[in-house]
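Listed in order, the protein sequences are those of chains Z and H.
Note that the numbering used here numbers the first sequence so that position 82 is 82, with each residue one more than the last.
Note that the numbering used here numbers the second sequence so that position 64 is 64, with each residue one more than the last.
Each hint should be verified, as a subset may be incorrect.
Claimed, not checked - To give a feel for the contact side, a few chain Z residues facing chain H, derived at Cβ under 10 Å:
(1) Ala84
(2) Ala95
(3) Gly185
(4) Leu186
(5) Ser194
(6) Trp195
(7) Asp197
(8) Arg213
(9) Thr217
(10) Asn230
(11) Ala242
(12) Ala244
(13) Gly245
(14) Ser263
(15) Val265
What the hints contain is simulated information worked out from the structure, not anything from laboratory work.
In this text, a Cβ means the ideal position worked out from N, Cα and C, and glycines have one as well.
Spelled out from the first residue to the last, the chains are:
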Amino acid sequence: MLVSDTDDQRQSTNSGLPAGSPDVGDRNFGQSNHRIRLADLEGSVEAEYAPTTGAPIKVKLPMFRRSPDERRRLSLQIFVLRVAAGGNGVVPTTAGSDLFDVELREIRQIYGRLGIKVDTVVAPGTAAANIVTVGGDSIVLIDPPQGINPLNVSFNPLGGANDESRLGTLFPALPDTIRIFYAGGLASGNRAESWPDVDFLALPQHGACFANRVAATYNVPHEMGHILTNKRSAQHTGHYFAPAGAAGARLRNDQNLMRNGTSSVEGVRESKRLWDEPDGDGVKQVTPIVGSHYTHAF
Amino acid sequence: MMAASSTTASEADRLFEILNAHSAHPTVLDAAGREFSDAVKDEVLVRVARMFDPPPHGALLNRLLFILTERNKPLVATAFIANLRSPLPEARQASLQGLEKLDHPALVPLALLSVRDDVDGVVAVACQILAAKAKGDPSIWGLLRSAYVSRIGRKEFYLSNSILEANGVAGAAAEK
């Protein structure tokens, strides 16, 4: 089995070997016949068969088909509000910070499973002083516009505040690019929120996610999932709704990335899976994601 | 307060469920603020203000501002004050932020109470409130300066220290 993160890689699995074999039963990471391998979407799989007579046969295949190319690209514009004009970002943006080492890693692992390569882009003309580049990824620090409290970004009726629309207007998207805005807090109390095209195409923040700092596990990948699956909010608030399913079906709520409420820790059984079987609302996940205009040809 | 009618109570159940959800899209909250009557909003506020164990979570407190009316403002303020010492850090943060939004007359003393919180998000809100006042008040400035110095370099106070730095509390020019 090929997997995209180290939690899955380290999961013990049954070798499938018959009784009497020294490796029968569950095998742990590092043991013989533990057959889980960490794979990269640009990597390949090699198999070798050595018959008792004749030359060995080797086959090497790419992880994802090339012709036509199954792989997709997904570009993100990442904005981090500063605490005040010229100040630090509301989250650390240095090398080794959670934004780069946890959030972007999780995003890449989750969407990498589907053959989607995630990169970060910056709009032309962005002042160099506002760009932070770490390990090939670039994010943009933005001063809070007048009247926007970076610790309490609003979309609410208090004084007609509509910070998310303002930010969406002031920092427009490059074509077919998902924007992620990190704030120090959201007035809605949500850990994050997003504006999928299907419900909000007319709003300037459509295709954008707003996050309360680098919060719990899988938070931003989940919001990106709303934009990519484009499920209507009228259908279980756009979240995954487990189907009744046939006996033995394992399309359970808890492991799905798009369940309402993500896991608070990373792990094999946590909320990081995306499936292509219709959920209880008849909505698939993988097909709309790879078909989304936010993903591009490789 | 008088007992709510059964209609109001069932509507209040529905509004409470919206506000108390793990996540609620801002447009849903916005709509709820317009859809429900003032009586229903008041009924929900009474419930939230009475919650003790379990305490209301932070998001629920944040969302009280979506059902704020001129008339229920004192009740909202009560709910916030009652949760400034909540065991839930997000509830403490939401309460202080809520009082700031309400422009509560006791905001500065209540923010001072929160400077010693052990959670960065709460301290950050307190620092943001106080930094604006500190320039005219040497005692507040001194306290913020001391708080900054005691936490300098501690990653768990990144946000609050960044706010103090952005307001000049960290720099030599801030010495008073």
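Taking the hints in turn, this is what the structure says about them:
The beta carbon of Ala84(Z) is positioned within 10 Å of a beta carbon in chain H (closest approach about 4 Å), and the interface hint is therefore held. Given the 10 Å rule on beta carbons, the hint for Ala95(Z) is violated: about 14 Å separates it from the nearest Cβ of chain H. Satisfaction of the interface hint for Gly185(Z) is found here, the shortest Cβ-Cβ separation to chain H being roughly 7 Å, below the 10 Å cut-off. Interface hint at Leu186(Z): satisfied, since its Cβ lies 8 Å from the closest Cβ of chain H, which is below the 10 Å cut-off.
The beta carbon of Ser194(Z) comes within 9 Å of a beta carbon in chain H, closer than 10 Å, and the hint placing it at the interface holds. At its closest, the beta carbon of Trp195(Z) sits 9 Å from a beta carbon of chain H; the interface hint therefore holds under the 10 Å criterion. Given the 10 Å rule on beta carbons, the hint for Asp197(Z) is violated: about 14 Å separates it from the nearest Cβ of chain H. Taking 10 Å as the C-beta cut-off, the interface hint given for Arg213(Z) holds, the closest approach to chain H being about 8 Å.
A cut of 10 Å between beta carbons decides the hint on Thr217(Z): the least distance to chain H is about 14 Å, and the hint is violated. Look at Asn230(Z): its Cβ only gets to about 15 Å from chain H, farther than 10 Å, so that hint breaks. Checking Ala242(Z) against chain H: minimum C-beta separation of about 16 Å lies over 10 Å; hint violated. Evaluation of the Ala244(Z) hint against chain H yields a violated restraint, the C-beta minimum of about 23 Å exceeding 10 Å.
For Gly245(Z), the interface hint is violated, since its Cβ never comes within 10 Å of a Cβ in chain H; the closest pair sits about 24 Å apart. Violation of the interface hint for Ser263(Z) is found here, the shortest Cβ-Cβ separation to chain H being roughly 12 Å, above the 10 Å cut-off. At its closest, the beta carbon of Val265(Z) sits 16 Å from a beta carbon of chain H; the interface hint therefore is violated under the 10 Å criterion.
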